[in-house]
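Engineer: Single-letter residue listing:
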Amino acid sequence: MRVWRLRTFLAFLLVATLLVTLMIVGSAVLFVRLPQIAEENRRLVRIEAEELVTRMEFLMDSLQIRLNPLEIALQNFLPYESHLLLDSIAVKGSAFTAVYILSPEGKVEAIGGASIEHQRHLDLVGNDMSANSLYQTVRRERRPIWSDRYLSVLSGHITIGLAIPIHDRVIIGEIPPHYLVRILGIARMLRNESIWLIDQRGELIGDTDSPSQVGLINLLGLPVVQKAVHGESLPGIFEYQGRRYYVAAQHSQKLDWYFLVKLPAGLEDPDIRSTLIMVTVSFFGPLLIGALLAPLWASYMARPVGELMERARQVAEGHSKAIWPRSSIVELNQLSTDLEHMDSAIHEREQQLRLLNTELENRVTQRTADLSQANHELSETLDTLRCTQRELVRTEKLAALGELVAGIAHELNTPIGNGLMAASALHDKVREFQKAIQEGLRRSTLDHFVAYAETAADITTRNLHRAAELVTSFKQVAVDQTSSQRRTFDLKEVINEILLTLHPMLKRTPHQVMMEIPDGLWLDSYPGPLGQTLANLINNAVLHAFDEGESGVIRITAASAGEGQIRVQVSDNGKGIPSTLQERIFNPFVTTKMGQGGTGLGLHIAHNIVTHLLGGKLIVCSDEGQGSEFIMLLPEQAPRTVSGAGGTGLPPI
Amino acid sequence: MLRLITGFLILVLALAGCGDVSVDPIRIGFISGMTGRFADFGLPGRNGALLAVEQRNQTGGIEGRPIELLIRDDAQESEVAIKAVQELLGLQIEALIGPMTSGMVKVILPVTEPAGLVVISPTSAAVELSGKDDLFFRLASTMRESMHLSAALHYRRGLRRIAVAYDINNRVFSESTLEEFRTAFGELGGEVPMAKSFDSAKPPVFSDLIQELLSAQPDALLFISSAVDTVLLAQQARKLSPGLPLIATEWAATEQLIELGGHAVEGLYLGQLFDRNNISSRYQSFRDAYQIRFQQEPGYTSVMGYEAASVLLDALSRRAKGQPLKEVLLRGSFEGLQQTIVFDRFGDSQRRIFTTVIRNGQFVVIE
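As you go down the protein sequences, you meet chains A and B in turn. Residue numbers for the first sequence follow the working numbering, so the first one is 1 and each next one is one higher. Residue numbers for the second sequence follow the working numbering, so the first one is 1001 and each next one is one higher.
Because the hints were derived from the structure by calculation, they are not lab data. Virtual Cβ for every residue (Gly too), placed ideally from N, Cα, C.
What the simulated footprint calls covered on chain B by chain A, stretch by stretch (three residues with Cβ under 8 Å from a Cβ of chain A suffice, anywhere in the stretch; the number is not a length):
# : stretch
1 : 1034-1043
2 : 1230-1236
3 : 1254-1266
4 : 1291-1299
For lysine-lysine, the following DSBU-like pairs were computed, each having C-alpha atoms within a straight-line distance of at most 35 Å:
#  : chain 1 : residue 1 : chain 2 : residue 2
5  : B       : K1132     : B       : K1202
6  : A       : K617      : A       : K575
7  : B       : K1321     : B       : K1083
8  : B       : K1196     : A       : K107
9  : B       : K1132     : B       : K1196
10 : A       : K507      : A       : K617
11 : A       : K92       : A       : K107
12 : B       : K1132     : B       : K1083
13 : A       : K492      : A       : K475
14 : B       : K1196     : A       : K92
15 : B       : K1239     : A       : K92
16 : B       : K1106     : B       : K1196
17 : B       : K1202     : A       : K92
18 : A       : K507      : A       : K492
19 : B       : K1202     : A       : K107
20 : A       : K107      : B       : K1239
21 : B       : K1083     : B       : K1202
22 : B       : K1083     : A       : K92
23 : A       : K492      : A       : K617
24 : A       : K575      : A       : K492
25 : A       : K92       : A       : K254
According to the in silico footprint, chain A covers these stretches of chain B (three or more CB under 8 Å from chain A):
#  : stretch
26 : 1047-1059
27 : 1197-1209
Can you build the whole structure from these sequences, using the hints too?
Structural biologist: Right, dumping it as structure tokens:
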């Protein structure tokens, strides 16, 4: 959308209003006035044509009357005697250039005219005029006849001829065509009127506009003249040589001429032109004045608005306390007052806001202090928590170690017990043998004793061997568990050892642990933490996978996963883990058996060991009621970057 | 807003509207004496040319362009004629028809020749203007042929002494015509005992002139003059010597001769360049059209004016783009009302001459 300045807009509005008004008024004037003028002129030209004929006939009659004295003269004188009278009629400056009397035979009897010298009188008298058409017509019709194409006997010029029959003679007067034009000029009444006098043949015999055209032009070629000659009605307007005229024609019966009266039409019409000029002046005049005054008026109107704007801007920039302007326009004053009110209202609110703001700032400071206090307390709590956690882990480890010791004790119990039993039995036999010796040794008794001693020795040896074996084994596990040493080991062997240590615990449960691990899966890793992980996973299964009284199967499998990785799976056929729990199962302190001995750290520790120390991944797959499966993906070469082979597997908090 | 203003301006312009666009007309000039003493010669010539142009315009003009005939009066005065021709040249006319008299032709040629304007005179017959390779064309044959015929005829009639009155207002024509007659008549054994000149611009006392001629005791009188002067001379001759044979030239052969002359011109011999009684459909349809248009009988100059204009219009329509008009006129033949018109290399043409005598107010062809 176009954006305007108020001043421009007002100026444009004023000029546009003026323009539209003038246009409507001007158009109305033109639409109403112009057809009126045209109609008026058409009427005028018609009336003028009619009246012109009357006037012209009257004027021509008066010319005819001048020849009347000749009638009396001819009754009293001989024709040739009347030439002085003829001269006086055709005196220089009169209408007639020549007047003459024709005898009944058509011969010139007497002639008078200002330009005819005496000698030529003689030339002309006696000339035969009998073939003359005017003469013949007047003889035939016996009434005064006007002819526009009368050939002068003097010059052969075409003139206006007037023939009057007097008894059997004929008087002929010659009138030059320019005289006719003069009469036309006198007869016409309208200011702008021009008249064509046209004869039956279309010859122009009088023209008030261009007399030089008289005698040269034949106008019968013009449709308007043809219509006039044939007595048809004329069009109101016709065009001639690029100009338009209102036209009317009238035929004079007496003279047998056509009077074509023309008034300029269109722009040539002075009335139309003056109307147009008037409308144009009254259009452009006020427009010009309007164009000059509108900007002044507009700026006068726009000034108070500008002042208001300026004042409002000052308020916006924060300058206040100035006086609001007043103008001569009520609405603007109202606006000014309202703005003033608004200004003071804004001030009040600003004050309030400032107060509130200060209060708020104080409150924020207070809260910040409170918050940092809380934060500090939280940090302390966290530290405590970390300690507790570390304590817990250690406890866990100690518990594991306890279990280990219990396990070792339990395992050693059997072979050592067996050895002890065999040794004590042998001891009893030895005493029996000693008694037998005193009672008399019999060969059968000796044999029996030797056999028994051999068996006892054998049992003792075997059981002690077994105990030694166990001790060696435990020693390795203990080393691994306590030192977290890195070494290269066979997975199956290590898992076997771990299961061995778990055996006492597992034995108390109805569950069965199955291991399916191929030989030759070698890892360069940390067997201690791996063992702890497995122990945690198995422990987790034993504790959580099965309901009371259920006997399940825990399966440990391992296989090469390619790309230097080994997959170890611990699965059970228990009740599975709810999916909501799966998402956070490796988080610390997540347990379903809170208060029943579970710390909620077992899986968390396992996850940490696998991901951080062993450089692998631990994921859980479980469907409720379908059992669970923990999958470890372990690199064959554990990463060395992880420092602290003695890492505790502590979770970061 | 703008639209309103535009609308208003259009309204104003429409009211002012007189500017209509039309095809440029082809302009042709016509010059002849239409006022004054020789008007009887010029006006019918104008009518003829005007009729030809109007008829051509009714059939669509030339290649869709209308023809405009610009008519000027030479008043048989040199200054008027030169001014009129210069005015016509300024109006870019294609060619000029006229003037009708040799005197005026001689006056205007120095103006038209340098301007390259083709001039076709319907009636000019002076010997002096023939045999020149210029832009001047004529439809009438020279007076040499006419005077030979005339001399032979009147010699056969037994006339031996013929006195002559000639108008030096058209000197080029009248003097050479007189010489042609004198030579031709002399060769046959006839004689011109007296030749008196007069100036029709300052008319003399004609009875004195005739008296003088009669003093030479001629067998007949020859008037080399226009119709008006021929009539005035004839009137005196009839009064002073009734029955004396009278002879005139083609110059006087207009319809006004009879109207003005009445009984005085009865028995007058003169040549004509057309046959009033020709019955060819071409001539008859022209005659009808002329009568309807001008409400009078066509005269000799009407026919010549009509033919001159027709020849010019034919040539203009035949002309190829850029081709000089002169070339078209020289090469072609043109259909006249009573004969075919062919120009020789000087732009002169041959025309049949009909010798007539006035009997009972009529021109009667005798050979």
